[in-house]
Each structure stands twice: as C-alpha cells, then as structure tokens.
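Protein chains in written order, with the numbering used here: chain A, 40 to 244; chain B, 40 to 244.
Possibly wrong hints are sitting among the right ones.
When chains are identical, the list treats them as one kind, so a pair holds in a single copy or across two.
[To be verified] Here are the simulated lysine to any residue pairs, SDA-like style, with alpha carbons at most 20 Å apart:
(1) 92 - 154
(2) 92 - 171
(3) 42 - 230
(4) 92 - 60
(5) 129 - 166
(6) 92 - 118
(7) 42 - 167
(8) 129 - 167
No lab work stands behind these hints: they were computed from the structure.
There are 2 protein chains.
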Amino acid sequence: MPKTVDHAARRRAIVEVAWTVIAERGLEATGMRDLARECGFANGALSHYFPSKGDLLRAAWEHVFERTNDRVATSTAGLRGLDALEQFCKQVLPMTPSAQAEAKVVLNFWQRALSHPDLAEINDTAMATWRAFIRRCLHEAQTDGAVTTSADFDIEVAIEELLAMLMGAQMLAILTPDAHTPLLQERMIAAALQRHVRTPVSTVN
Amino acid sequence: MPKTVDHAARRRAIVEVAWTVIAERGLEATGMRDLARECGFANGALSHYFPSKGDLLRAAWEHVFERTNDRVATSTAGLRGLDALEQFCKQVLPMTPSAQAEAKVVLNFWQRALSHPDLAEINDTAMATWRAFIRRCLHEAQTDGAVTTSADFDIEVAIEELLAMLMGAQMLAILTPDAHTPLLQERMIAAALQRHVRTPVSTVN
Chain A
40 MPKTVDHAAR RRAIVEVAWT VIAERGLEAT GMRDLARECG FANGALSHYF
90 PSKGDLLRAA WEHVFERTND RVATSTAGLR GLDALEQFCK QVLPMTPSAQ
140 AEAKVVLNFW QRALSHPDLA EINDTAMATW RAFIRRCLHE AQTDGAVTTS
190 ADFDIEVAIE ELLAMLMGAQ MLAILTPDAH TPLLQERMIA AALQRHVRTP
240 VSTVN
Chain B
40 MPKTVDHAAR RRAIVEVAWT VIAERGLEAT GMRDLARECG FANGALSHYF
90 PSKGDLLRAA WEHVFERTND RVATSTAGLR GLDALEQFCK QVLPMTPSAQ
140 AEAKVVLNFW QRALSHPDLA EINDTAMATW RAFIRRCLHE AQTDGAVTTS
190 ADFDIEVAIE ELLAMLMGAQ MLAILTPDAH TPLLQERMIA AALQRHVRTP
240 VSTVN
C-alpha cells in the first residue's frame, strides 16, 4: 500500500515556517532551497506546494490574516459596539513581537500586490472585510446609544480614518519602532475610541 | 579640451525618469539596462551614478520626499497652526495621480528598508521631520487659542494618530483606490482637524 501523504498538513507546516522566515529576512532573501531544508523537505516537495515565491508570499499573508482574525474572533466573543472595536484594534495593531512579524509579511505582500493584480484583489477583499467589521461595531454602538446618530457624524469617514490609522501603525511600528511604541498605540486606540463615545445627556448641564 | 559633464544634472535627469518607472513597474521589474536606454544613456553611464537598484530606489525616494516637502513649503508659506497643518495633510495624502505614484515609490522603499538598516535610518529621519512639523503646527494652534491646552489633550498621541492615518492612507489609496478615494481623504482631513478645534467659550452656554 502506498504511503498516504496529508497534503493539507504538509502545506500548513511549510506556511508555518515560511511566514516567520519572510518576516525575518524579507521575500528576496528567502531562498526556496533554504526554506525547504528548514521545513525538513526536499526542494522538490516545496515547489510542489508553492511553485513560486509569489505563491509562498500569498499563502504566508493568508496565514497571517487568518491568525489576526482568529485573535479578533476570540477577543471579541460576546462583545459588541465600541468594546468589540477596541479589541479589534488591539489585535490588529502590531503591539507584540509576533504581531510585528505579521506586519512585516503584510508590508512584503503590499509591495508585491502593487504589480500583481491577483494579490491586490485579495488585499481588497481583506480590507473590505475589516471596513465591514468596523462599520458593524459603530452601528451597534449607535443602536446602544454609545455613539451619536446625529447627521454630523459621518460613519464612512470614521471607518476610513480608523482603518488608515491601523494600517499606518503597521508600517510605523516596524519601521520606526523607537517612536511608535506599543504604549503609544494603546493611547492612540483609547483616544480614537473615546472621541466617538456619546456624552450622556445628564452631564450636559 | 575635454567635454565637461555636469554630473549633478545627469544624476538628477536619471532620478526624474527612474522614480516614475519604479512607481509604474515596481523595483523588481525595473531593469537597469531598460532604464539607461529610457534616460538616453549607455548602460555604463547609469551604473556609474547608481551602482545598484538599492541606490536607485534610495535616490528615487529622496526625490519623492523632496517633491512632497517642496509642495508643503509652498502651500504653507505664510500659514501657521491648523491652517498650515491642513495644507501639510493635503500635500502628503495621495489625492492626485502624481502623489499616488509617489506613494508607490514609498511602498517599494519601505519594503526594502525592512532589511536594509541604512534605508530604515533615512526613513526614520524623514518621519521624525514630519512628527516635528505636526508638533509645531499643534503648538502654534495652542498658542493662538485654536486648540485646547488642557491636560486632557495628549499632543504626542494626536501627532502619532495623524501621522499613522496619513501613512495608512498612502497604502490604502494605491492598494484599494475604489474605496479610498480623494474625496474621502478630503473628508478625513476635515474631520481629523475639526476635532482639534477649540470650541469658543461663547458658544458653551
């Protein structure tokens, strides 16, 4: 009987190693041969799963996006509105060494997406998912009376501002870590969410 | 008499072409031979000025950063406080095709800076310059009474939030242009600056 190979498990095992290697060395410096050796595979086995570096980067990014979304799902379980949004921000912001490594994969992926429409489309869908998540949280907060429903509050602008801040923080935290510290990120989330909190009517007097 | 060569002018001429080519095709797809031809130089002449693609990218980024800062200097001449800050934001945000091309050079540069400490250091200095500019504008606005001086207002958080939003917008505008439009960016600036404006005491009644 031929040996059964669990291809999904093998693929996963490669990605688990590959994403950290890409984060550490960058895509250019990640050699397929070295990577195969680090995964304990023959070179041929690796290229069977990932014919090119582009395929590998795509899989690494998908893995990183899934990791982040898993953390978001866990940390927002049972929460809604601004509480859920706060947890979302904390999981997306690169406040830990592991999340900073994820941001490095994101930067490599974005750079490649500029000239690869298939990657750009994947990123587009991912960003749309996050915009929808932020929108849902803000709508919940409005329903609960925690955020104003006045016409002055432009929810689409609030969503885009927050998303841009989170994405910019991905870059600043890995490029200028001495200035863009986790502590400052914590204060940024607090300030960004605090400004949406509706002042209770009773304190207006 | 030997022909006099204006090396500075030649170098500048190459960079003028190179930055748009990098923006359009990405660094990997930018061939030194093709670029030399497009500049009207022999291949040898190009590598004399830029021995490697890394040198070229660095020069392209410096050119782009200078272009942006020139626009900022022109548009903020005679302005201070929040008025100057608004113009700064408008010049940094990729709201025009030309500024979007600049953002593509920035993304290529950031990706390479991850694994090249010399580029990371240049970026670090650039970001420090912009943090200082935002800080100066906010301090001027405080002096003029346009922004609160209350202890609740954390100027360092405000600087970092704005910088992160601007840098995130660089990415979103070139990666998800259908969602992150110039019109939305205009509204984002307005919202970001509006929240700092101090409510005049007379309207509190």
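Legend entry - Indices of hints not satisfied (ascending): 2, 3, 6 and 7
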